[in-house]
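2 protein chains.
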Amino acid sequence: MELLKQRIRQDGVIKGTDVLKVDRFLNHQMDIDLFDRIGEEFLCRFHGCGVNKILTIEASGIGIACITARFFHCPVVFAKKSQSSNISADVYSTKVRSFTHGKTYDVVVSKEYLHPEDRILVIDDFLANGAALEGLFDLIHQAGAQVVGAGICIEKAFQPGGDLLRKQGYRIESLARIKSMSEEKGIEFVD
Amino acid sequence: MELLKQRIRQDGVIKGTDVLKVDRFLNHQMDIDLFDRIGEEFLCRFHGCGVNKILTIEASGIGIACITARFFHCPVVFAKKSQSSNISADVYSTKVRSFTHGKTYDVVVSKEYLHPEDRILVIDDFLANGAALEGLFDLIHQAGAQVVGAGICIEKAFQPGGDLLRKQGYRIESLARIKSMSEEKGIEFVD
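If you read the protein sequences in the order shown, they are chains B and U.
According to our numbering, the residues represented by the first sequence are 1 to 191, in order.
According to our numbering, the residues represented by the second sequence are 1 to 191, in order.
Check before you lean on any hint, since a few could be wrong.
Treat identical chains as interchangeable: a pair holds within one or across any two.
[Said to hold, decoys possible] List of simulated lysine-lysine pairs, DSS-like, C-alpha gap at most 27 Å:
| id | residue 1 | residue 2 |
| --- | --- | --- |
| 1 | Lys167 | Lys5 |
| 2 | Lys95 | Lys81 |
| 3 | Lys103 | Lys81 |
| 4 | Lys21 | Lys185 |
| 5 | Lys5 | Lys111 |
| 6 | Lys111 | Lys15 |
| 7 | Lys80 | Lys103 |
I should point out that these hints are in silico values taken from the structure, not numbers from a laboratory.
The shape of chain B in the complex, shown without the other chains (with noise of 0.2 Å):
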């Protein structure tokens, strides 16, 4: 998404070779505009797929998964991160390592809000090492629904998290794939 990649370019700060910030415009300030845009392509890339449910986890992926929601008319559901030891019995929970703040989380859903009937398609901003995106799917796989695919803004293509959930036979759409990146050249993007 030729769109989404100039703001990274004009926008985006990076720190060292695998950091980059989009605070200005993702995921701390967000610029509602940009995720109007981002929603649609999103629909143009899962259209005629059956979405009938959009998750999640918090915080920033939020924003874009209401966003992108209006053009799927369909609910969103996000996962909660929770640091308490007490999962209730009324949750679907699995664990997702942060490589960002290297904890590990209980990453929960009420289990009201994923049925075996769901074809869900998952939101984030972020795609690394697909720590947080296995998480997801796994919730999904819980609930017995349908993992329709993911969309995710910003994938850093040289971490291994993408192609891994491809190979495991998962549709992973990113808008934006990051080749390689250094704060003397810039960002390269893959194609």
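Chain U: place on chain B using the hints.
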């Protein structure tokens, strides 16, 4: 807002006399068609006030804030709850007591995203004792920006936050104001 009140009566779950769970449509599963009507209603109430930015707090305010921002054609900034004691110099920070979780959070916003010329509408899902809203107003004041007001989905009007903030001169617009509630008698709204 009659549509929201109806939905609370239909799908809200009351626990005791002061907990209202609206997980089914507002803050775990999110009904985006309803959010569209909520955003439109906030536009009606704050139209012509020069709002150029919306501020909310993670996680459950983000979806409503983003859908509302489509009507105002402005960006959203969400304040982050931080549990680390390291507050960096490039953020505004304040402390917010969560009565639900019995914790005090540091709540932060990057200085880059709040400016003295901003006219800011705060959006959140709930208003009860007013601690979150007070914290967000504090962040706005630290930036020297203007608080236009707050758009709240559900106000527990039997708790003191709303009236306290109104007495301080803030414009607080709540779409559903709960006068009282109990498992036996259900919910009574203000007017």
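Against the structure, the hints come out as follows:
no.	hint	verdict
1	Lys167 / Lys5	within (25 Å within a copy, 47 Å between copies)
2	Lys95 / Lys81	both (9 Å within a copy, 21 Å between copies)
3	Lys103 / Lys81	both (11 Å within a copy, 16 Å between copies)
4	Lys21 / Lys185	within (16 Å within a copy, 50 Å between copies)
5	Lys5 / Lys111	between (37 Å within a copy, 25 Å between copies)
6	Lys111 / Lys15	between (39 Å within a copy, 19 Å between copies)
7	Lys80 / Lys103	both (15 Å within a copy, 18 Å between copies)
The structure shown violates none of the earlier numbered hints.
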